[in-house]
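Read top to bottom, the protein sequences are chains R and B.
Heads up: the first sequence at position 88 corresponds to 89 in the numbering used here, and the numbers run straight through without jumps.
Heads up: the second sequence at position 133 corresponds to 134 in the numbering used here, and the numbers run straight through without jumps.
Note that these hints are calculated values from the structure, not bench results.
C-beta atoms are modelled at their ideal positions from N, C-alpha and C, and glycine is treated no differently.
Please note that a few of the clues may not be correct.
As the list claims (entries may be wrong) - Pairs of lysine to any residue, SDA-like flavour, derived with a Cα cap of 25 Å:
no., chain 1, residue 1, chain 2, residue 2
1, R, K40, B, N344
2, R, K253, B, K49
3, R, K200, R, D312
4, R, K200, R, E226
5, R, K253, B, Q313
6, B, K49, R, K200
7, R, K253, B, V354
8, B, K49, B, Q313
9, R, K200, B, N344
Said to hold, decoys possible - So the derived list for chain R, only partly shown, Cβ under 7 Å to chain B, looks like this:
no., residue
10, I69
11, G70
12, N97
13, H98
14, A127
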Amino acid sequence: MTVISYRQALHDTLRAEMLRDEDVLLIGEEIGLFEGSYKITAGLLAEFGPRRVRDTPICEEGFVGAAIGAAMLGLRPVVEIMTINFSLLAIDQIVNHAAKMHSMFGGQVRVPLVIRTPGGGGQQLAATHSQNLEVWYAHVPGLKVLAPATPADAKGMLTAAIRDDDPVILLENLALYNTNGEVPDGDHTLDIGTASVLKPGRDLTVVAYSRATVVALDVARRLDEEGISVEVVDLRSLRPLDRDTVCASVRKTSRAVVLEDDWLSYGIGAEIAATIGEGAFDYLDAPVRRVAAAEVPLPYAKPLELAALPDAAALTRVIRDTLDATRFAG
Amino acid sequence: MAEPSSTAVVGTVLGTTEEPETLRGYYRQMMTIRVFEQRAAEMYTKAKIGGYCHLNLGEEATVVGLMAALRATDYLFTSYREHGYALARGAEPVRIMAELFGRTGGLSGGRGGSMHLFDPQLRLLGGYGIVGGQIPPATGAALALAHRNGPGPDREAVMCLLGDGATNIGAFHECLNLAAVWHLPIVYVIVNNQLGMGTTVEAAAGEPELFRRGCSYRIPGQRVDGNDVLAVRKAARAALDRARGEHQPMLLEAVSYRLRGHSVVDPARYRSDEDNQRARALDPLPAFRAQLIDTGVLDAPAAAGIDAEVEQAIAEAVDAADRSPAPAPETLFDHVYATAVANTYQGLPGDPVVSP
Numbered sequence: 002m003t004v005i006s007y008r009q010a011l012h013d014t015l016r017a018e019m020l021r022d023e024d025v026l027l028i029g030e031e032i033g034l035f036e037g038s039y040k041i042t043a044g045l046l047a048e049f050g051p052r053r054v055r056d057t058p059i060c061e062e063g064f065v066g067a068a069i070g071a072a073m074l075g076l077r078p079v080v081e082i083m084t085i086n087f088s089l090l091a092i093d094q095i096v097n098h099a100a101k102m103h104s105m106f107g108g109q110v111r112v113p114l115v116i117r118t119p120g121g122g123g124q125q126l127a128a129t130h131s132q133n134l135e136v137w138y139a140h141v142p143g144l145k146v147l148a149p150a151t152p153a154d155a156k157g158m159l160t161a162a163i164r165d166d167d168p169v170i171l172l173e174n175l176a177l178y179n180t181n182g183e184v185p186d187g188d189h190t191l192d193i194g195t196a197s198v199l200k201p202g203r204d205l206t207v208v209a210y211s212r213a214t215v216v217a218l219d220v221a222r223r224l225d226e227e228g229i230s231v232e233v234v235d236l237r238s239l240r241p242l243d244r245d246t247v248c249a250s251v252r253k254t255s256r257a258v259v260l261e262d263d264w265l266s267y268g269i270g271a272e273i274a275a276t277i278g279e280g281a282f283d284y285l286d287a288p289v290r291r292v293a294a295a296e297v298p299l300p301y302a303k304p305l306e307l308a309a310l311p312d313a314a315a316l317t318r319v320i321r322d323t324l325d326a327t328r329f330a331g
Numbered sequence: 002m003a004e005p006s007s008t009a010v011v012g013t014v015l016g017t018t019e020e021p022e023t024l025r026g027y028y029r030q031m032m033t034i035r036v037f038e039q040r041a042a043e044m045y046t047k048a049k050i051g052g053y054c055h056l057n058l059g060e061e062a063t064v065v066g067l068m069a070a071l072r073a074t075d076y077l078f079t080s081y082r083e084h085g086y087a088l089a090r091g092a093e094p095v096r097i098m099a100e101l102f103g104r105t106g107g108l109s110g111g112r113g114g115s116m117h118l119f120d121p122q123l124r125l126l127g128g129y130g131i132v133g134g135q136i137p138p139a140t141g142a143a144l145a146l147a148h149r150n151g152p153g154p155d156r157e158a159v160m161c162l163l164g165d166g167a168t169n170i171g172a173f174h175e176c177l178n179l180a181a182v183w184h185l186p187i188v189y190v191i192v193n194n195q196l197g198m199g200t201t202v203e204a205a206a207g208e209p210e211l212f213r214r215g216c217s218y219r220i221p222g223q224r225v226d227g228n229d230v231l232a233v234r235k236a237a238r239a240a241l242d243r244a245r246g247e248h249q250p251m252l253l254e255a256v257s258y259r260l261r262g263h264s265v266v267d268p269a270r271y272r273s274d275e276d277n278q279r280a281r282a283l284d285p286l287p288a289f290r291a292q293l294i295d296t297g298v299l300d301a302p303a304a305a306g307i308d309a310e311v312e313q314a315i316a317e318a319v320d321a322a323d324r325s326p327a328p329a330p331e332t333l334f335d336h337v338y339a340t341a342v343a344n345t346y347q348g349l350p351g352d353p354v355v356s357p
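Looking at chain B on its own, in the form it has when it is part of the complex (with noise of 0.2 Å):
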């Protein structure tokens, strides 16, 4: 039995021995991130995107690092801030932004939304629009795989992300619980951006070092620096290969910070100017660009080169969104059940209950 251990990481320096094709890489997919979010708030503001529509802003190296830890056979489950995750996984821009425009060619057929991305291909089994809601499920299909297949290093593992917030829920804590008893792979990773909506991680947690809340479980924690896209990304690797090796699960918390409000809509006046310059500073793009740049993976012109290509990218993928058909009414009743049965009623309103 693993011994209840909870042990912080403050990050890395960025190692020489990486590929530079990797590490620019890496700056692409934080890139792709970035533009593709300030696309998504100003076609919010330009009513292209209804309902809610939360970004990954200032979490671009924690999206990076999970997702080059994730294998393609691995299965992801998200929050309902997840255009990043689902970008990073390798999905495409113009389906995803499609989905945020509710037509026939989003991730879900224009059904889900910004918060409900899925993608059966990619193993990403949803994000998910209320709080902790994919908790659960996520351990759901850690269980499968148990339930399946011994562990091993060639083994799928599930990686389940949550915010601070979902930390509080109960069925965190059941789901957490059940994982230890059931010894699962899966690994859970506290994407911690110090707020949930308004409500910062001290006043909403009785232990706020999120990565000892596993401790009760006796599952081990690891606190790591989101804005260090490579120790992401080596904390994670580590935890989905004790996962996937010894089907033991772990938490991971990754620390960011929120660069703009909760959603596209919130000023997010409950943060100083203080907080703003504070998040400012972290921000992980200028800071892994410059990294870049004094390590010689990269120089200024083909810095601004990727970004050219990307806000092209995702100008164009925003151009071909809008070309996708929004879904017929017709379609209303479409997959609402999986197996057809008999007397399901299909009216829409006014219509009569019975055929006369």
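If we strip away everything but chain R, and leave its shape as in the complex, we get (with noise of 0.2 Å):
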């Protein structure tokens, strides 16, 4: 184990799939000379030369869908879009192509793709480039949607996308990049599909993915001081959507909140709630909350965005008052 960042963690593992595997090339706006934007590619560009990391013009549409192609004829292509806002430019490519290509043509071509993608607000980028938009992409059956929260998970998850055959999408967070965490040495691959109880509890569960996890993790240490015994679980990955992990804390907790850092309506936290509530109905001791998004377009203005994201606080107020519904006494 070595304790290094999340944009260290993601670093590394794109070299060390470049070094294991001459098919994987990574194709991105800025990746190149520029570092990437977030310079999670720093210093591949020096190391395996423009070839394997290729800088693009300003198209996503085009070169999303240009990996999409590439990855038909067997490469395996790492796409770096800058924020996931500009995914939406290439959304027919993702969600019309690289989903159904295998389906539609009758299971004989693979597009063993990923996109890496950051989300988030709470950088004052104001309301085009602060988006959430995760669930638009775990909607659609043929893409998988992962969101790791630790640095391991993030190594994980990545080697794990790499070497899968499906189109992935790894959600990546602005303000994870500079958390720091305990990563395993060497191969360390996870399996896509699977939660992670990150911390065992008993009296309430918090499903969280991305940053929220990072912040639902907090606010459950300072109640373990109150002696308020909370567990989190971390969803990692969105589609598929490991339900039975999330039933069985519930059943165990009988309490349930979702923090998500996209907007409530028709969110990730919906579909949980939905299936704790079809999942573990008779073990419920009050309704499953969601703490998100306001529903505003993202301000500018510091106060207001402050006033429009999920945060500790809120989260905390919303588990105290679950708790107090069902007359909990500690």
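Join these two chains into a complex; the hints should help.
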């Protein structure tokens, strides 16, 4: 184990996979000379050259679609889309093409493509650069959507994504890049489609993913000191979704709160709440609550941005409300 | 760097050096497409075929000329109007018709239908139902070729077909730009049948001489008479040779005229009687047959013999396609993913989401 940042984990994984497999190549805007908008690909152009680290013009639909075609011929492209907001320019190629080809062509072609892209608000980037659109992709059969929260999972999930023969969207988060954590040395791969219980607890389950998981862990540790035992389930994989792990946790704790960075209506939390309603109804002592982003195009001004985004205080309040509603006495 | 050049080529006179057997073969292929499409239209009206069904009627010379130029090792991406290309590329008619019928014996196992024919052996990497959706993947296939090998006369190339309407989408321009800056071995072929659904090229395109649309990217363009099979073949061969030999993209435009509506169900009321007369006058099949007979390559009985053989073969293909079984509902979740992973939900409508 070595303590490194989420950014370093992604970088090291890309490098390791490029060394391991000659067919892995990187495609994206400013990933070479500029070394990536968030420096995930720093140094890789110098090491692997422009054939394996391919800077593109600004044309998300074109270069994502080109990566699909390269994958059809057996390469394993890892595309960086500068932020998930810009993925909308490529959504036809992602949803109508990458997600469909294996099935629609009768299993005769594979699309081993990875799209890495960060989401998340809180950086004062205003409405068009602060969105959490992962649920748009998580809705689509044919795609796999991963959202690691820790450096270790970033390594394990990116490794799994690159070795997987289907199109995988790996959601990163601007607020996570500088977070640190222990990462297993050497080869480390995780099973796509599995959630992780990051902290066991008795009294209430918080379900989260990506940045929200880090917030949830922080809140859970602070509540521990008050004798409130919160279990944190990190989804890690939004499609497929590990419903069994979520329901098993709620059957134990009887209470659940979802913390999510996306908008509330039709969000990831809605799917989790419906899952719990079906899979753990008889065990529930209180309604499932969701702590999600306010439904506004995110404003630039800091006080408005802070007011709109889900945070530790909001999560703590909703956890307490849920416990109070069931006369929880610790 | 290539000079930005765009030249128009009007067509060729039937060459005397061409092997008669080759010419008769092209006639047979064109006739096969004609009869296949007529039978497809008929099967559609009998509800054997569902969804959309777009026919290559009137485009037979373009189809056969392009496919004759393509080597077996080259890759082909097409639009959704692609039955003829699959036929001329060498797919068995029964496998195409079975796909139209939605059967397991179809080129895509019945999962794609008319718009989504795929055959890895023929390097036919898909018909694409979204207008221009094939352009980015085709460009990426050329990227993979360039990634693996340098240029050379024996290298592979990609042919990307698109309709005239697709030259107005963003992805077309993005990909021409990518192909130019990345020096990709790809030939984009605009199959200009002069109508995008019911919209004319002139109404839709700021530069209606579509072969000129590569100018912004210094991609040379050439227009060819799409009703002249040999002219199409010649232009496509030259473009492909340049693509494989120099890793330079090219934009080719083959102009023909759609004989019927946009799809089988479109009566094409937006076309005048004059338009229809012009379409019939330009029909490449009777013209090519007359040329072959005039030059002694074929006589009328021989032509009739080919026609009868084609009719018979397609009739047998239709019957055989109808005997191919429909996919079983139990196979519904096959091929959604290539790599099986944990917790993939495979419930049918109304099934519980969580195992009790």
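- Among all the numbered hints in the text so far, which are the ones the structure does not match? 1, 2, 5, 6 and 14
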